[in-house]
Structure formats: structure tokens, C-alpha cells
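As you go down the protein sequences, you meet chains E and W in turn. The opening residue of the first sequence carries number 5 in this note's numbering; numbering runs sequentially from there. The opening residue of the second sequence carries number 3 in this note's numbering; numbering runs sequentially from there.
Quick caveat, the hints were computed from the structure, so don't treat them as lab data. Nothing here was measured: the structure is a model prediction, and the numbers come from that model. Hints may contain errors.
Within a straight-line C-alpha distance of at most 20 Å, the following computed SDA-like cross-link-like pairs (lysine to any residue) qualify [claimed, not checked]:
1) E:Lys1029 / E:Val831
2) E:Lys1029 / W:Leu139
3) W:Lys169 / W:Thr152
4) E:Lys961 / W:His52
5) E:Lys961 / W:Gln61
6) E:Lys999 / W:Thr119
7) W:Lys87 / W:Ala101
8) E:Lys1029 / W:Asp138
9) E:Lys1029 / W:Glu141
10) E:Lys1029 / W:Thr132
11) E:Lys1029 / W:Leu102
12) E:Lys961 / W:Asn69
13) E:Lys1029 / W:Met128
14) W:Lys216 / E:Val831
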Amino acid sequence: MVGGVTCPNCGKDNPDFLDNCQFCQAVLRSESTLNTGENPTKKVTAELEEILPDWLRDARQQSRDSAEEESKKEATKPKVQKEEPADLLAGLAFQAASDEDEVPDWLAAINPVEKKAAEASKPAEGEPLDFFAQFNQPTKESDAPAPVETSTSDELTSWLPEASQSDEPLRFDSGTSQGENDWMNNLGATVSHEPEPWAEPAKPAEPENLGWLHDLESSTKQPPATPSADMGWMSNLDSASTSGSQEDLSWLNSLGGVPASPDISLPAQPASSADDLSWLNDLGGTPAPSFDTPAQPASSQEDLSWLNNLGNTPAPSFDTPTPVQPPSTEDLSWLNNLGGTPASSSDASAQPAASSQEDLDWLNNLGGTPAPSFDTPTPVQSASTEDLSWLNNLGGTPAPSFDAPAQPAASSQDLDWLNNLGDTPAPSFDAPTSAQPASTEDLSWLNNLGGTSAPSFDAPAQPAASSQEDLDWLNNLDGTPAPSFDAPAQPASSQEDLGWLSSLDSTPAPSFDTPAQPVSPQEDLDWLSNLGGAPAPSFDAPVQPAASAQDLGWLNNLDDTPTPSASEPVPTPFLHTDQLKSPDASPDTPVTAFSPRHTAPLSEEAHDSMPDWLKSATAASSMPPLGATTMDWFDSKEKTADEDTSQTFGQTQGTPASAEQNLFAASSDASSLSNQEIDSLLSADNMPDWLSQAEPTTESASAQGGTSSVLDDSLAPVNLPSWVQAMRPVESAISSDVSAVSMDQNTEKEGPLVGLRGVIPFAPIGSALRPKSISIKLQATEEQLASAALFEQILAGETTAHPLKSTPFVASQRILRRALSAIFLIVLGTMIAMGTTQVPVSAALPVAVSNASNVVATMPDQAQVLVVVDYEPALSGEMEAVAGPLLDQMTVLRHPTYSFISTSPNGSALAERLMTNTKINRPGPDGLGYQLGSQYFNLGYLPGGSAGVRGFAEQPKTIMPLVNVNQFSDYAVVIVITDHAESGLVWIEQLELMKQTNPALAGQPLLMVASSQAGPLLQPYVLSKQVAGMISGLADAARYEFVNNSRPGIARSYWDAFGVGLFMAILAIVLGSLWSLFTTIRARRAEAEQG
Amino acid sequence: MSIELISGAIGLLLTLMIFSYLIGDNFLFRSAVYIFIGVSSGYAAVVVWHSVLMPKLFQPLASADPNQLMFLVIPLILSVSLLAKLSPRISWIGSFAMALLVGVGAATALSGAVIGTLIPQSRAAMNAFTGRTFFDLIEGAVMLAGTVLTLIYFQFSAKRAPDGSVKRNVIVEALAWGGRVFIAITFGALFAGVYMAALTAMLERLSSIIHFVKSLLGL
């Protein structure tokens, strides 16, 4: 048969997917590994600690610290009352896959104790038995098969000797997982081959012989004043992925990869007693034996003598004195040294009987994860404490001397079987099964079991009202099969039922029975949810007879997991046990996580013996059918649980009530449950009392539990290496009160940061953390906008082309222009044509004209006169009229020789015209008869402008070869005839220069004959004496002509017309100005009228 | 027909053509303008050829006098280089000749302006109060006031007011107003002179036409 596994017990072949033999129910393989088919490998997580990032190490350290703090805090919190809503049925979905109805055999072993406990806890007799009480009934009927018992006993007997042989003390830090696995492997090697004697106490219906614990109790008695189940040590039991049924302890099969682990039943605590099961904190990831801590009445005696046969090493001496003191204390702190340290005698102080406390802190180190606090000091309780500290030296060390805590008067827990644990010195098991009403079981010795498999404990129920057994540590049994707790209801006189040991043959994993509390005890079994990847002990939480509230939150993970068979306790992962230490933790709160193992189908008998509610729950199971899958299912559960550690088990384990609601949430998601089944499960009638209770702290945690269960189904399974699981924070740190965790802290759900909250800050979309949008619109005031608009208008005005304002054409202007032109032509033409001389000419000559006349009068005769003709032909008529009288008088009087020169090319022609029109060159009698070339010379054009003038003034002969003088000073008079002031200025300036350099020119008079338009501009030169005389315009010419006897008469011929023309011009200007004034006044009036 | 009659007739025709502008711009007016421009330019070219180029350049070159030849080549080259101004590509060739003309002409004008205008006119203005009579003092005062106020009018230096506007000093503004009065009177005198010159020219034309008509008619 390919892939088949041969049963080491019966030798028959089994399918490879089975974990237990289908014939003898023996464990076929260990399941400490995560994946099917993989062998467990040693992982030294301590080495990985160094390479972890600082923040992660800090987070881990903080988680450890917080776990310790919370465990302390919770120890001071009030216990949860029973009225809280219970969602524990949610975890029953796991059991749906199980077709067994049979109460496991370990329950059968518990039953007698429970009965005794029930009898002993008579103070709550009138109250109905709680949920687990139902299981106890069939438990009695279903006897565990003998082979199982022997197998279990073999494991322990072989494991403990090996543990004792190893000299190396087991370490309980995070890096000691190897050691933990080692001894578990050794356990597995010796499975089911040797019957061990300590299985004998597992006989059902028989009280356990806990006499060996009497001595322990004597030293561990504590005052029972404030009983509280110290099970906070279970808070660190990581990888609580499953929840197991209460009666299912088959998870113990895979504890640490070894098939068996001792099943220690702790006696139930009497009233007001508290079981300290915090030692289970570190059970995660490592195999741990299960301890049944059956309830012990005050007068019960647990026979743990079977421990004497464990291993070949000297077993620790279990002195289990059963002190008569009612407030006995079970000191289990000796278990602290269980993990390989030399055994030391743990002195468990006796606790007062009123509030006994079971110190189970020693279980903290049982898991693969480092225990947050190994030496969790058991709070001094007034109640008695069961001193189990002898278990401290359980691993590989010489057997310690155990001081058995004081046992209740009537109880006697026989833990002598521990004397035979392996080759190594058996750990000191103070398994006080104090049945004292106020006793406290000190199981802190289990703290040092970190390197070894943690046994499963049946946390004894606290009989007193204030006593609680916090078994929430089972919640941390993540990734590993969750132990099942049976919390049998035990009255004040509880008994430790160690009959479960009888089933160790077939189901090596022992189970813990947590006796029920007689008076409202609450067993917090949430620690089961934190049970890590290693098998964890199963706890049997006995039914609370009175108003006890058992924490069955571990049932959350019953979904999709096979229900362990009655005869085969399914190994369950350990959960953190902070709740166990917490005073407010409900002792009857079950664990939330449970990982049952695959088992073979149950027989018909077992099915018949299954309770009704389990039958209904198993009608439709999401658990893969047996034979189809093997350990893969557990792997997936472990992975999903790892991913949601903080949200699921870690958070829910903080309070037992949360674990209860997780169960409901899981059931809601479980497809395996039909509606009818759910109804039946949720019905108040069928619901046990502990389920109907609501704990005050479950509101917020219930939601978390529901979410966790949903996530368990939705998230895809992921294989996580064990070292990653070891890196996960301590569960108690994450499992802090959910309500206290701010919503802005995100919990990582994937990757190695699974379970860490607030590591990576997240900013929700749309929150205030997002950068605010900044408007790019310009923020401007109205004034600025107005200025900008004005500026734009200015720019637009500059760029746009404006149409030129064209003066409207006025027809009257053309008419006026034509009319005026006509008038002037007609009037002036008429005047000229008529040749009238009516207008008188003044005889007074202006100074300039008079000076010119004086120059002519004073000039020598026949002198050389230079006549500069610099005027245009257009004004020739005026210039001839103006120059005519001067030239005529000069010619007549002095007969000078004229040299005509011109700076204009037309000057020579004009000079000739001038001579002609003035009648100088005309022959007489009207003309003077001057001849060209003899009496006057036309020098022609003088080029060069001012330079030409300068050159001609300097060297006239050189410039004008035709000149008739040698030097410029030879000219007696220089007459400049010009119509432009500029041409006259050239001559004036250049001659002035010549006068500065040539003194001969100083006496040379310069006469100016200028047009009317040039006269005013040349007038200053006349006043400055630069010009000797000047005749300007027709008016001066007419006067000069009048003085010159009216010769040549040109000026006078124009004088009347000129006078009329001036008058007409003045009249036109005046009339035009008046018209313009009139039109302006009219326009303003029109504007004024229009407003 | 005598030459005087023909010239008179042409003169009459061209005068009428110019007068046709009184009724608007017309072909006769433009034709007369083109004729005058052409005749003037032709006449100027002939004058320059006969009065400048021929007697002062070509005739000396033709004389073959080596001593004069060197002094004629340089003006000849400079004159020819000025022809290069007709083509933009080789206009740079005539730049030297043009620079020589401008430089010499500017130097001569400036020296003549300073010596012949600024100094004499300034001195004349200062001597305005040398008159012996009261009217001479008033004339001198008016001349001084007219000169100073006119010069102040062309003083445009000003400051920016608080409201952003640029204004001259109040005193300067008042003096400038007085200078503006003198300038207006001067421009009025100039306008009157122009008008009288034009009027005189028109009268000469009218007289010429009338005389030509009378001569034609034998009147």
C-alpha cells in the first residue's frame, strides 16, 4: 500500500492521511509539522532573534512584557459573571465533522472524579449541572480502550527517562524549541510500546491517587482569600487555530511531534480556589503533555502515583501530602524546571484554604514560544494552592525534591507517576488537586516546560464562587490541536480524575480536566486558542455545577475540524493562559481555538454515546471526510490562525467571553452546521448553563471573535515556518482588550508580521492625513480684479487699432475755398488789371530799409557789388519787386558793377530775369542799359553750400574763375536776395567768420533783400548790426520805391492789390474766427440742452 | 511770334494749370508741377555741367597739366564714388565722399552758426537796453522778456506729483506761458510774412497774366 502507514501499535496498515490508527486508535504520526508529509525540523528561533529587525524585536519584547502585565492585571479583575452571552456553540462546528457521539475515554476517566466533585461540591447541588456535566455521563459509560492507556503510559515512561538523561537543561526562551521537540521526539519513539504504570490512575470512576501531592501541598499552601485560577501562563500559547471540544483530548497525540504526553488531571479547586494554569502560555508550537486537573473535592485524593513510573530516571519524589486544611494550595511551580533544568525543590507555599489557587505557571514554558514569564509568581492567595512546582525539574535533570503542596483535607492527588518520567529526572510535579474550597493550584512549575512538551491539564474547577480556573490559555494553542477541557463541576470536595491516563495507550496526549467550580466558578479555557503549532494538552473542563461559567471559547475552532473521538483525544494547540491567571476570566470559559486531529471513524457505540448536541453538530461538517485529507487541514487552520492571530484568538483570549462568542461566530460561518443544528445549538433549552451566560467583557471581543472565525474561513491557508510562528508576538500582548485598541491601528494579516498591530501605520483613504487639495485658482480681491481689468483694457487699447478721426467733409468748405479763391482772384486781378494806385504808400522808411538806403547812398561809385540771388522761382515775383527799388537806386546813383552769384542752380536764370524785370539791363529810356559781362556778371552757381560760401569768401577768384575781383573784400557791398532765412544766414554767418579773420571785411556792408516770410527771421541780425540794412517784403519795397521816386514801379503796381489782398485776408480770418466762435457756442448750448 | 509771346503763353498756360488746383487736385496741376520739377532739374543739371563740371573738372583735365591733374583726380574719384550710392551693393563706395561732404559742411555750418549767430545774437540781446529813449528800454525789455520767456517755454523739466502726474514748477509754468505768447506772436508774424509773400507772388502772376492778355489783345 503506497503511502500507507503502519500502526506502531497493532501493526496494521492505515491510510497515510490518518493520524490515528483506524483499528487501535493509536497515534500513527506526530503532527508537530505544519504540512502533511513533512517531518518536524528543528528550528532554533533564538538565532533568528538576532536577525530580526529592531522594531520587530521591540514588538516582541513589548508583547512579552505586556503579556506579563496583562496576566497580572487580569488577575485583579473581577470574574465574569454567567449572564453574558455565550457564543461557545460557534466552536461546535468543529465537532460537526466528528461523527462521534461518544464521550472520549478521558472523560470517562474524569467522570468518577466529576461525580465525586459533584458530590463534594454539594453547596451548589441545587443548581443544574453545566454543559460538561453532560459529557461526564457518557464518559463513564465509555471506557477507554486499554491499548490507548498503555500507549500513553509508554510515551511518558520513555520520554521522561530521556529527558532525565540529557544533561542540558532545557531552556524556556524562544530559542529552545528544539529542545522541546527533542524530548517530544523521544516520546514519540517510545510510544505505545510499553505500558506505563501511570496510566492506571486513568481508570474511570475511580478517584485519583494524589497522595504524592500531599507533601507538595504542604509546602505550597496558600491562603485562599482570593481564589483565582492562575492560568495566565497559557496566554503565550501561540497558534491557537482550533478549538476543541471539551471532551476531545486527542490533540495530545501530536504534542511536540510525539504521540503521547502525560495526561495530568489536576484536581478541581474547591470554592474560591483558582487554578493557575498560566504555565501553558508557552505551550504553543511544541508538544505538550496534557494534564488533566480534575476537580477535586475538598476531601478527594488524586492518585498521581503513576508518575513514579515515568521514565527510567529517578522520578521526582512526589510528596503529595493531603493536608487537612481546607484552604489548601496546590503548588505546581515545580513544573518550572521541567524543561531540562536541574530539578530543584520548589517550595510551594501553602495557600489559605479559603481561596486556593492552582499555580500552573510552570506550563508557560511548555510551548515552543518563549514564555513571557516563566516564574510567574503565584499571587498569595488566601485560599490553598496546589504546589506543582516539582515539575520544574521535569526535563532532563535530576529529579527534584518536591514539596507537595498542601492538599485539601479530603483530597489526595497521586502524582507519583512522575517519578518514572523518562531517564531524566522527572519534573517536579506539584499536581495539587486540592479539593479544598479555597485552594489554589500552583501549576507555575510548568513554565519551564518550554522546551518540552507541555502536558495538558485539567484545570480543577474552583468550587468557591470567587474561584476561577482560567483555561483561556488554550486559546493560544494556535496551529496545534487545541486541547479539550473538561471542567467537571466539582463542589468543594473536588477530586482529581486521573482516569484519563488509562487512555494514554491509544491517545498519548493526556488531557487536563479542569474541575468545575461549585459556586460560580469560571474556568477560562481560552488559552487553548493560543496553542501553537505543537500539540497541546487537552483540558477537560468539568462542568460547573453551580453558576459557573466555563470558558469554552476554544470551541470556536471546532468548525471544520474533526471531532476527536471519545477514545482518542485530539491534540489541541495550546492557547495562552493569561485568562487563566486573570481573576476576571471566567473559569468555565472554554478555549476558542481547537484543532482536532484526524481520527478514524468512530464506532457505532461511540456514535451512540455522543450527546445530542454533538450529533446535531456533526450532521453536516465542513471538515473534510476522513480519509480524504490528513494533516493538511490542520496546516491550513494553523496558517489561517497565524494570519489572524491578533484579531482572532489573540484578542478573544483576552476575555473568556470573547472566546465564547467566537464559538458562535464560527458556527455561523460553518457550513457544516445546518440550520436545524444551529437552532438546536442555540436553543436555550439545549444550551448548557455556561453557554447561556454572558460575560461583561465579551461585547467588544465577541465581534472580534466573529471576525476571526470568518477570517478563518475566508483566508487561504498559508504555510508558515515554525520560526515565523515563533516570531509572532506573544499572544497576550495582542490579546489585550480590543476596545482599548484604537481603530487606527491596523493588524497585519499576512506575512511575517501577522498578528502585529500598529506596526505599519496606515492612513485611511479620505482621512485628514491626506494632503489637502490646494486650489490653483488665484485668490484676488475685488480691488485687485478691478485693477487687473483696467490694466487689460489699457493693453487692449494699445494693441487695437483706432480708426482715425476723419474730419467730415463739409461742402461749405469746398465752396468757401472756391469762393474765396474766386474772390481773391477777381478782386486782386481786377486791382492789378486796373493798375490802380489808390492806396497810399508811407514815406517813412523803417530803420533797416533806411540803413539799406544809406548804404547805397554811401557806397562808392562803380564799386563792385556782389548780388547773391538765393531765392526760388516761385517767389521771383516778390523778390524782384522787393529788390527792384534797391538795385534801381544803386544803379542809378552809383553805377556799380554787379556780380550775380547764386547758391542755387536756378540763381543764374533768376539773376538774369531780375535784371530784366527791374529794367536794369534793358535799354533805355525805360531801362538802365546794363550789359552782361561788362556792367554785371552772372557768376552762376556757387556749389558747396556754406562751404562754397566760405571758400568763395576766402578765395573768390579760385572758386569763381570768372569773378572780376581778386579778393572778396573788393566787393563794396554784398547784397543777399533771399526768400529763406537759412540761405541768408549762411551768408551772414560765413561773412561774419570772414570778418573775424579778415579785418578788411569789417567795413563791408551786407544788405539783405528778403521775402516777407524771411524778414522776421533776419530782423535780429539787422538789430545786431550784422546786416547793414534789409528790405523785407512788398511793404518795404513800396516804401523804398516811393522814396526812390517810384522806380521801377513794380512794388507800387502791386501795392493796391496787395493792400486789398491783405484786407481780404484779414477779413476772411476775422469772419472765419467769428464763425468758428459761433459754431462753438452753438455746440456747447446743444450739449447743455442735451444734458 | 516773338519769343516773349511764346514764353508768355507758356507762362500763362502753366499758371492757369496751377490755379486749377483751386478746384481740386487735377491733371493740369500735376502736369504743371512735373514740368516745373523737370525744367528746374534739367536747368540745374545744365548749370552744374556748365558752371561746375566743365570749367572746374573736365577742362582742367583736358589741359593735361600734371600739377593740376593730381588735384583733379581726387575730386573726380570722390565724385564718381558718389555715383555708387545708386546701387545698394556698392553704396559703401560713396560713403567716404559723403562723409567728407557732411563733415566739412557740418564743421562749416557749426562754426558759422556759433560765430555768426549765437554770439552776435546773444550780444545783441544783451545790448537791448542801450537805447537812449524810453521806448528803446521798453523795446529792450520786451526783447529780453520775449527771449527769456521763449527759452523758458522750451524748458520741459518737471517733477512727478503725488497723484502721478508730471507737472512743471508753477513759476516755470507761468513764465513758459509768457514765452508761449511771444512764440505765438512770432508765428503770427511769420504767417503774415508767408501770406504776404504768397500774396505778392499771386499778384505778380496775376499781373503777368493780365499783361500777357493785354499784350495779346494789344490793349
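A quick look at each hint next to the structure:
For the hint pairing lysine 1029 (chain E) with valine 831 (chain E), the CA-to-CA distance comes to about 40 Å; that exceeds 20 Å, so the pair is violated. Between lysine 1029 (chain E) and leucine 139 (chain W) the CA atoms are separated by roughly 18 Å; this keeps the pair inside 20 Å, and the hint holds. Annotation: proposed proximity of lysine 169 (chain W) to threonine 152 (chain W) holds, straight-line Cα distance about 18 Å (limit 20 Å). Taken as a hint, the lysine 961 (chain E) and histidine 52 (chain W) pair is honoured in the structure, with Cα atoms around 17 Å apart against an allowance of 20 Å.
For the hint linking lysine 961 (chain E) to glutamine 61 (chain W), the alpha-carbon distance of about 17 Å falls within 20 Å, and the restraint holds. Under the criterion of a C-alpha separation no larger than 20 Å, the hint pairing lysine 999 (chain E) with threonine 119 (chain W) is consistent with the structure, at around 13 Å. For the hint pairing lysine 87 (chain W) with alanine 101 (chain W), the CA-to-CA distance comes to about 13 Å; that is within 20 Å, so the pair holds. For the proposed pair lysine 1029 (chain E) and aspartate 138 (chain W), the alpha carbon gap of about 16 Å is at most 20 Å, so the pair holds.
Under the criterion of a C-alpha separation no larger than 20 Å, the hint pairing lysine 1029 (chain E) with glutamate 141 (chain W) is consistent with the structure, at around 16 Å. Distance check on the hinted pair: lysine 1029 (chain E) and threonine 132 (chain W) sit about 14 Å apart at the alpha-carbon level, within 20 Å; holds. A threshold of 20 Å between alpha carbons decides the hint, and for lysine 1029 (chain E) with leucine 102 (chain W) the separation of about 34 Å lies outside it, so the pair is violated. For a cut-off of 20 Å, the pair hint linking lysine 961 (chain E) to asparagine 69 (chain W) stands: about 19 Å separates their Cα positions.
Straight-line distance between C-alpha atoms of lysine 1029 (chain E) and methionine 128 (chain W) comes to about 13 Å, which keeps the hinted pair within the 20 Å bound. Distance check on the hinted pair: lysine 216 (chain W) and valine 831 (chain E) sit about 18 Å apart at the alpha-carbon level, within 20 Å; holds.
Checked against the numbered hints above, the structure violates hints 1, 11; every other hint is satisfied.
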